[in-house]
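Asker: Chain by chain, the residues:
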Amino acid sequence: MSEKIKRFPGEELKGADIRVGKVPTIRFRPRVRYLWSAGVAMSRFIEGLKEGKIVASTCEKCGRIMVPPRAFCEECFKPVDGYTPVKDTGTINTWSVSYVAGDASRIKEPILVAVIDMDGASTGMGLLHLLGEIDDWKQIKFGMRVKAVWKPPEERTGNITDIRYFKPVKEV
Amino acid sequence: MREVAIVGVGSTGFRAVTPDVSYKEMMFEAATRAYQDAGNISPRKDIDAFISVAEDYWEGFSIFDEFVPDQLGAVLRHLFTVCGDSIIGLSTAYMLIKTGHFDVVALESHGKPSDILTLYDVVQFAMDPMLNRPLGGHPFFVAGLEMTRFLYETGNTKEQCAMVVSKNRGNALANPYAAYGADIDVDDVLCSNHQFYPLNQLDVSQPSDGGIVMILASNEVAAELSDNPVWVKGVGWAVETPSLETRCWSDAVYARIAADMAYKKAGIGNPSREVDFAEVDDLFSYKELQHIEALRLCRPGEAGLLVEEGETWIGGSMPVNTSGGNLGMGWALEASGMQRLLETVLQLRGEAGSRQLSDVDVGVAQSWRGVPTTTGAVAVLTNY
Amino acid sequence: MVGKKRVAVIGAGMTLFRRNLKETGKELAWHASKMALDQAGLELNDMQSVVMGTAPDAFDGVHMKGEYLADGAGAWRKPYSRVFVGGGTGVFAIDAGWWHVASGQFDTCLVVAEEKMSSCYPHPAYAFTTIFDPIYSRPLGVTLIWIFALEMHRYMHRHGIKKEEIALVSVKNKRNALDHPCAQLGANITVEDVLNSEIMCWPVQRLDISPTSDGAAALVLASEDVAKKLTDNPVWIDGTGWCIDTTFWTNRDLYYPRYVQCAAQMAYKMAGIKNPPKEIDVAEVYDPFDYKELHHMEGLMLARKGQAPKLTADGVTQRDGDLPINPSGGLLGVGNPIAAAGLMKCCEIFWQLRGEAGKRQVKGDPRTGLAQAWGDLMQYGSVVIMRS
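As they're listed, the protein sequences go chains A, B and C.
Just so you know, our numbering puts 153 at position 153 of the first sequence, and the rest follows in order with no gaps.
Just so you know, our numbering puts 319 at position 319 of the second sequence, and the rest follows in order with no gaps.
Just so you know, our numbering puts 361 at position 361 of the third sequence, and the rest follows in order with no gaps.
Wrong hints could be hidden among the right ones.
[Said to hold, decoys possible] Taking CB as the label site, the calculated pair distances span:
| no. | chain 1 | residue 1 | chain 2 | residue 2 | range |
| --- | --- | --- | --- | --- | --- |
| 1 | C | Arg-304 | A | Ser-105 | 36 to 42 angstroms |
| 2 | B | Tyr-384 | A | Thr-161 | 58 to 64 angstroms |
| 3 | B | Ala-223 | C | Gly-306 | 46 to 52 angstroms |
| 4 | B | Leu-131 | A | Ser-105 | 28 to 34 angstroms |
| 5 | A | Thr-25 | B | Gln-201 | 37 to 43 angstroms |
| 6 | C | Pro-134 | B | Tyr-120 | 20 to 26 angstroms |
| 7 | C | Arg-206 | B | Thr-118 | 35 to 41 angstroms |
[To be verified] Calculated lysine to any residue pairs in the SDA-like style (CA-CA distance at most 25 angstroms, straight line):
| no. | chain 1 | residue 1 | chain 2 | residue 2 |
| --- | --- | --- | --- | --- |
| 8 | A | Lys-108 | A | Trp-137 |
| 9 | A | Lys-14 | C | His-123 |
| 10 | A | Lys-53 | C | Trp-249 |
| 11 | A | Lys-50 | A | Thr-91 |
| 12 | A | Lys-6 | C | Leu-178 |
| 13 | B | Lys-45 | A | Asp-81 |
| 14 | A | Lys-147 | A | Gly-52 |
| 15 | C | Lys-163 | A | Glu-12 |
| 16 | C | Lys-162 | A | Pro-110 |
| 17 | C | Lys-22 | A | Glu-12 |
| 18 | A | Lys-141 | C | Leu-195 |
| 19 | A | Lys-14 | C | Cys-120 |
| 20 | A | Lys-14 | C | Asn-20 |
| 21 | A | Lys-138 | C | Glu-224 |
| 22 | C | Lys-310 | C | Leu-230 |
| 23 | A | Lys-108 | C | Pro-122 |
| 24 | C | Lys-363 | C | Leu-178 |
| 25 | A | Lys-4 | C | Leu-178 |
Because the hints were derived from the structure by calculation, they are not lab data.
Computed from a predicted structure; not experimentally measured.
For every residue, glycine included, the Cβ atom is placed at its ideal position computed from N, Cα and C.
Please model the entire structure based on the sequences and the hints provided.
Answerer: Below, the structure is given as structure tokens:
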């Protein structure tokens, strides 16, 4: 019936008019704060980062070594059998170059991001992280080998950013 | 005629804080228990649809449903989220099975309010941004407004409300799932701090963490999964209005509409005679009385007399909130309604331990989404 | 379908889609609902139930925004519920409306989808910063476009697909949108325009992306008995499907949306569809980014893996092609008020199957249509199959 409908409702406003207050608005910033319990699996992960390790969890039923770690195997639907560190090296699965920040504003120095398949974890078990020590982003390649660059131990806080970024490595 | 049964339940129980587990791990435990209870089914192949009941700001995420599938065994399965009350979730599972396309449906809800540092600011964030929010104040003043009008119009009293608190906190002592069992008398309630007049501190439920999962099945497969299925005979749910300016302040209109819908489906004409017991929302003490009246379990204005005369206590003619209600089990956000369902199922199965009622066949569970909403749901359950 | 109830769509409505609309979310929901009811020849009192589809609360800036929107959606004193599956919500809302009626619980259901993204100020993108895990993702500063760029890049890499091939989707959809009276970004652009637009997050460029929008859409659903009394040409909902994949998106090979395939299989099975490319006459495929249309055509099994770009280049997906995709103009052209955009796709299939799409009408006499949406951390698929 869209052809029978003569007029579709809605009155367009200009963003500029909103910004200069030509349009009545109400401004409100919510006070919403959270302190999540990290839980069993993620506590291991956080503790591992402080020690310069990337902790994975293992399931003996399907044989997977999973990163990020989890308390239960989602495929087998059972508790995992243990936790083990994987290597801090890996292979670029996919990558991107970001020129925009979280608020959609543009940034001068682009952020290099990648999903990195971690060595020692099961095939395709990737971690999202940043890339660094790359002069020109056109040098990034699928399948490129990378290694974590850690903050010094005294600066680590148990955060994913205890790894500053991953840098390219030449294979021996 | 296709019928719907609850064939498995699982819960973590409820506690004031749960710093030892993440919300995912909490959900995993409840799900594991429910699957085991439902004839040890596998979520990886035996469940046709999964429903999670959740709200973004209760969790601290936008698009929280992203974080749900793994711990329910629902990866690459047919899962979705209902942003509503958990008895609306039950109604959704009921409808899915009634279509004839689904035989087994899992329903999940949880609350982890201890993860929220600014819980009451989040509640306030639910209020109308132009008309109400700028007025400020703790959002529970809405409940105070309603209690004032409810008591004024019905003649129920503050003392009777205090009796509800005493009863429910006492019932909770016999419920291992409850977070707030306590031996409290009417004077304790009446002498507790004024909070949102006429509500005193002990008239208000306290937050609790916990998760519940239930498995529903069609009559065609229910017998394979459970020796004691509990039948969902009718469901109903409704919203009155979000507006504080136009809502009815004395009567729980939403609960009345929902109950009438559920009773009609269940073929119940005279609820006060045909219903054996009820679990109703009591996030605030007066809400239990208001909801009992909306559910037509007594005549208008007489809910207070029921509690005063012992009829709604364990051993009375119409026991209400044997679980301890929300006052006893805690306010577990959207899982609050599912607590009511859980107790109804346990009573109908004869698994309610020391608070077990004798000879009960028909139970009603009712929920409300809390301040500032006028949304609620009702389910009529039987064990035959 | 023996012993199972059939559900019809008998009315559709929508508002303009714009970056900023004056109307509040409630008012937008009301406009769309009113139009859908008028088109069906019904009044609000005839609606026995209401379903709301709307995406994150963070857009409208109201916690439990389903409750807040209830009166705008016509739910006053009615059974009302909100479903939410991220970007998949719009198409999922019609699936939810379907079970309200198919269950026999109700004879009618009003399905409403609303999004007021502009309330999230100064930019709706803020809402997306809280969609990620707070431990292993948020501290990195991850944004929504990052993760889609990572998916697009993987898809291109696995099949050797070029940016030029993908840009054709943006060109097609923005051109189609010129004929849509509600469209925000209808335009005649070229592949070069897309390739020369500013880089957002390589390989995603400005013209690869749909805009942020305000808007609403609504549908009226009815049981077979009610529908046949009201209209000679109801459109039937014959298949619904949905599926979610693991939260751990970095553990999946992003080149293929297996969750969309799973959702499609559910819907095809319900509708008795064995050969999708042959049996589907017109499809509204979720296209918040140009590559997603191709990716989803493959997930929906409308094209073989890696073959969707060829179909596009060959003109098969144009309005006058053999398998028209997004004749409305899609999200790239009409706009992307998340849940409302998904339901807009369902409105379009409704209009196409009734032959009422005007200048947008696809050739021939389409009998079977599909709408699909996608959401969450590249993990949700929702699908509906409709027949005239």
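Asker: Would you mind marking each hint as holding or not holding in the structure?
Answerer: Now the hints, each set against the structure:
1. The hinted range of 36 to 42 angstroms is satisfied by Arg-304 of chain C and Ser-105 of chain A, whose Cβ atoms lie roughly 40 angstroms apart.
2. Distance hint check for Tyr-384 of chain B and Thr-161 of chain A: the Cβ-Cβ separation is about 59 angstroms, which falls inside the suggested range of 58 to 64 angstroms.
3. In this structure, Ala-223 of chain B and Gly-306 of chain C meet the distance hint of 46 to 52 angstroms, their C-beta atoms being roughly 48 angstroms apart.
4. Look at Leu-131 of chain B against Ser-105 of chain A: about 33 angstroms separates their beta carbons, and that is inside 28 to 34 angstroms.
5. In this structure the hint that Thr-25 of chain A and Gln-201 of chain B lie 37 to 43 angstroms apart at CB holds, the actual value being about 38 angstroms.
6. For the hinted restraint 20 to 26 angstroms between Pro-134 of chain C and Tyr-120 of chain B, the CB-CB distance of approximately 22 angstroms keeps it satisfied.
7. Roughly 37 angstroms separates the CB atoms of Arg-206 of chain C and Thr-118 of chain B, a value that falls within the hinted 35 to 41 angstroms.
8. Between Lys-108 of chain A and Trp-137 of chain A, the direct Cα distance comes to roughly 14 angstroms. Compliance with the 25 angstroms bound is thereby established for this hinted pair.
9. Pair hint Lys-14 of chain A plus His-123 of chain C holds up; C-alpha atoms about 14 angstroms apart against a cutoff of 25 angstroms.
10. With a C-alpha separation of about 22 angstroms, the suggested pair Lys-53 of chain A and Trp-249 of chain C falls inside the 25 angstroms cut-off, and the hint holds.
11. Proposed proximity of Lys-50 of chain A and Thr-91 of chain A is supported: the alpha carbons are some 23 angstroms apart, at most 25 angstroms.
12. Using a Cα cut-off of 25 angstroms, the hinted pair Lys-6 of chain A and Leu-178 of chain C holds, with the two alpha carbons roughly 16 angstroms apart.
13. Our distance criterion of 25 angstroms between C-alpha atoms is met by Lys-45 of chain B and Asp-81 of chain A, whose separation comes to about 22 angstroms.
14. Taking the CA atoms of Lys-147 of chain A and Gly-52 of chain A, the gap is near 12 angstroms; set against the 25 angstroms cutoff, the hint holds.
15. A distance of roughly 33 angstroms separates the Cα atoms of Lys-163 of chain C and Glu-12 of chain A; the hinted pair therefore is violated under the 25 angstroms criterion.
16. Restraint check for Lys-162 of chain C and Pro-110 of chain A: the C-alpha separation of about 22 angstroms stays at or below 25 angstroms, so the hint holds.
17. Under the criterion of a C-alpha separation no larger than 25 angstroms, the hint pairing Lys-22 of chain C with Glu-12 of chain A is consistent with the structure, at around 6 angstroms.
18. Under the criterion of a C-alpha separation no larger than 25 angstroms, the hint pairing Lys-141 of chain A with Leu-195 of chain C is consistent with the structure, at around 21 angstroms.
19. Simply put, Lys-14 of chain A and Cys-120 of chain C have alpha-carbon atoms about 15 angstroms apart, close enough for the 25 angstroms limit, and the pair holds.
20. For the proposed pair Lys-14 of chain A and Asn-20 of chain C, the alpha carbon gap of about 7 angstroms is at most 25 angstroms, so the pair holds.
21. For the hint pairing Lys-138 of chain A with Glu-224 of chain C, the CA-to-CA distance comes to about 59 angstroms; that exceeds 25 angstroms, so the pair is violated.
22. Restraint check for Lys-310 of chain C and Leu-230 of chain C: the C-alpha separation of about 43 angstroms exceeds 25 angstroms, so the hint is violated.
23. Restraint check for Lys-108 of chain A and Pro-122 of chain C: the C-alpha separation of about 20 angstroms stays at or below 25 angstroms, so the hint holds.
24. This hinted pair checks out: Lys-363 of chain C and Leu-178 of chain C have alpha carbons roughly 18 angstroms apart, not beyond 25 angstroms.
25. A distance of roughly 18 angstroms separates the Cα atoms of Lys-4 of chain A and Leu-178 of chain C; the hinted pair therefore holds under the 25 angstroms criterion.
In summary, the numbered hints that this structure violates are 15, 21, 22.
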